[in-house]
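*Asks:* Line order of the protein sequences matches chains A and B. Heads up, the first sequence is in our numbering, so the first residue is 14 and it goes up one at a time. Heads up, the second sequence is in our numbering, so the first residue is 14 and it goes up one at a time.
Hints in this document: simulated from the structure, not taken from any laboratory. Beta carbons: idealized from backbone N, C-alpha and C, even for Gly. One or more hints might be untrue.
[To be verified] As a list, the in silico BS3-like pairs of lysine-lysine whose alpha-carbon atoms are at most 27 Å apart:
1. B:Lys169 <-> A:Lys340
2. A:Lys169 <-> B:Lys340
3. B:Lys340 <-> A:Lys340
4. A:Lys309 <-> A:Lys340
5. A:Lys169 <-> A:Lys226
6. A:Lys67 <-> A:Lys100
7. B:Lys226 <-> B:Lys100
8. B:Lys309 <-> B:Lys340
9. A:Lys169 <-> A:Lys309
[What the hints assert, rightly or not] Label-pair ranges, simulated between beta-carbon atoms:
10. A:Ala151 <-> B:Asn21: 33 to 41 Å
11. A:Asp121 <-> B:Gly131: 48 to 56 Å
12. B:Pro18 <-> A:Asp218: 28 to 36 Å
Number of protein chains: 2
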Amino acid sequence: MDQFPVGNGELLVGGILLTRLAARVGRTPFYAYDRQLLARRVGELRAALPRSVKLHYAMKANPMPALVAHMAGLVDGIDVASAGELKVALDAGADPHEISFAGPGKQDAELTQAVAAGILVNVESFREIAPLAAASQALGLPARVAVRVNPDFELKSSGMKMGGGPKQFGVDAEQVPELLAQIGRAGLAFEGFHLFAGSQNLRADAIVEAQRKCFDLALRLAESAPAPVRFLNLGGGFGIPYFPGEQRLDLAPIGDNLASLAEEAAQQLPQAGIVIELGRYLVGEAGLYVCRIIDKKISRGHTYLVTDGGLHHHLSASGNFGQVIRKNYPAAIGNRMNGTPSGVCSVVGPLCTPLDLLADRMPLADAEPGDLVVIFQSGAYGATASPQAFLGHGAATEVLV
Amino acid sequence: MDQFPVGNGELLVGGILLTRLAARVGRTPFYAYDRQLLARRVGELRAALPRSVKLHYAMKANPMPALVAHMAGLVDGIDVASAGELKVALDAGADPHEISFAGPGKQDAELTQAVAAGILVNVESFREIAPLAAASQALGLPARVAVRVNPDFELKSSGMKMGGGPKQFGVDAEQVPELLAQIGRAGLAFEGFHLFAGSQNLRADAIVEAQRKCFDLALRLAESAPAPVRFLNLGGGFGIPYFPGEQRLDLAPIGDNLASLAEEAAQQLPQAGIVIELGRYLVGEAGLYVCRIIDKKISRGHTYLVTDGGLHHHLSASGNFGQVIRKNYPAAIGNRMNGTPSGVCSVVGPLCTPLDLLADRMPLADAEPGDLVVIFQSGAYGATASPQAFLGHGAATEVLV
């Protein structure tokens with residue numbers, strides 16, 4: 014993990030020495046997100062992808078309001094997953110026209126809020142048509158919709174498969190023509206398609222293949238559309254490396270492929286803008302989780318660094334959020350970056366459960382109480398994806414630096 | 014699952030029809046905990062265990078304030094895992110003398126709060142002695158302590174092993190004599206031992222064996238104690254059935270064994286009161302998670318009931334909290350208890366992740382939007398053990414009925 018520079022033997026976050034940042038925050042544990050790294054990541058994508066491709070931030074990955082506001086200034090749109098996220102996006106100043114709303118269980122009240130806000134709803138069920146039409150009529154506003162498609166293929170080698178076979182997400186590709194007909198009859202404002210085949214993928218060839226298939230499927234489905242396709246969200250699925258041996262995703266072939274698709278789109282769907290929707294890839298590597306060692310215990314020859322942070326703040330790093338086999342997230346003693354390990358140790362939290370394990374038998378620089386343990390790759394699916402009320406230790410602070 | 018009666022085709026919670034309760038709560042999803050079932054469970058334990066054995070409630074299992082207040086009136090003491098839980102226990106009216114505090118990473122401020130409150134601290138590290146002595150001196154109050162021992166054996170067949178080998182919990186048995194000497198020199202008010210070998214165990218023979226071993230270990234360690242043993246917490250570990258084929262724990266042999274141990278204690282540790290500390294066993298079966306079906310989707314032949322609840326409220330039921338292999342929690346359509354299934358279906362939540370799965374291919378009564386899905390065995394490690402902020406859908410309500 015080299016995205017955070019080291020100075021004076023300490024990690025630098027947003028150019029600030031980690032111990033100074035901890036003093037500024039005033040308490041541990043905390044999450045710190047680096048504005049410069051967020052901007053740099055968006056810049057790398059802009060450089061690698063065709064100019065015409067729009068970037069959306071899926072804020073479910075990290076809905077911290079200040080971070081969403083920062084991202085809203087960098088990307089072309091925000092994807093929300095609930096009315097709660099919609100409020101944060103609007104408060105952050107995101108342009109409602111460039112906000113889209115996806116989710117398999119949207120409530121009628123949420124659909125009404127979406128129409129009132131003027132955002133785009135990714136329809137995932139025949140059931141959503143009637144409440145959208147009713148809200149549109151009651152408010153005198155168009156119900157802007159795209160269709161989220163459950164493709165008839167999957168994204169290979171994905172952390173999570175989100176398409177292919179039966180799924181709760183989207184509408185099966187083979188049912189989409191009928192859905193489009195109903196959307197037309199209900200007078201909803203059709204704008205396009207959302208296809209999303211999987212997530213956390215590190216293989217560019219698999220992403221290229223899925224984007225090509227999604228594009229071809231959208232072309233076929235567009236023949237049944239009640240209006241021209243203007244929005245063509247080909248999903249995301251770009252992964253970040255977490256574990257030893259994993260390599261960063263190669264953006265070049267993805268950019269080349271999208272350039273071809275954009276050319277074809279210009280011919281065949283001339284009003285369509287291609288959108289890539291990313292969450293983890295945009296924010297995951299820009300974040301750290303920082304906790305303080307409060308005890309160093311040696312039990313039967315094994316060293317435990319007991320910290321004030323743990324599973325309740327960072328469930329994924331404990332290996333309890335969808336992982337089949339627990340692996341260590343990259344970690345370090347953030348104020349002893351030049352230290353050398355004299356052996357392995359485990360980093361645990363204050364909870365009365367053996368699940369509360371942040372690092373299992375890792376070689377870390379020799380550390381003492383007061384030192385700061387840092388978990389890298391913590392900018393996505395951290396604080397909000399964790400059971401922060403568990404055992405009453407209180408929530409982690411989040412700072413954007 | 015027969016602890017909740019059925020009337021008029023609906024589950025009864027605290028004697029109230031489920032649909033009426035849902036109307037009273039005013040929104041879904043919610044957790045409902047049944048006061049009568051909580052009292053009944055304590056009564057069953059009182060009947061099966063010797064009168065002299067004290068029951069403690071480990072409130073980490075469910076810290077809802079009203080429930081803790083109810084439990085405080087039923088049991089003999091409360092175990093807390095943080096200063097946050099201590100506040101709830103004190104607010105609930107628990108007697109500070111009968112509150113104990115365990116946890117591998119207690120902070121100095123928490124130790125001071127514990128001394129100020131007059132509760133018993135289960136010391137888990139040599140490091141805790143100095144701040145306890147300092148707090149005692151500063152406040153002019155005794156620092157009441159017991160020693161949490163990491164035994165040199167484990168509780169067989171446990172859901173989680175909490176003793177034996179290297180552990181972050183407690184102090185290794187072989188280091189305890191030295192710890193006791195330091196406690197004596199520091200002038201802390203020694204009261205006894207806490208031994209805890211594992212959790213969620215359904216085999217009475219394994220629990221009996223562990224309690225016997227814990228007792229014998231405590232006897233040996235008592236020889237090095239700076240004061241008579243008055244508190245002898247033999248842990249808990251009593252499991253509840255979650256999955257097909259699991260049987261309720263047989264309390265009779267545990268009661269017989271504790272009767273023998275209590276007799277021996279009367280001879281060898283005449284001031285000692287035996288404590289059994291239970292969390293999940295006291296509250297787990299008295300709780301339901303209730304969510305409402307908002308959509309019924311058929312995707313490629315498979316039926317999905319999409320509800321307004323899910324992983325964000327009930328992580329354990331989704332199979333993502335320490336489980337190696339996902340199994341379905343017992344579930345039902347709570348307002349169609351007399352209905353018969355015409356096939357299998359899956360119950361999912363509103364989140365954009367395939368992890369959001371409450372029931373995977375289960376035979377459930379045929380149901381429609383508006384019906385109420387109920388997850389049984391949800392009284393422990395539910396709301397607070399879940400990432401309630403995930404995707405911004407809001408927290409579940411909790412009611413004590």
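*Asks:* Could you work out which of the previously given hints the structure breaks and list their numbers from low to high?
*Replies:* As far as the earlier hints go, 7, 9, 12 are violated by this structure, in ascending order.
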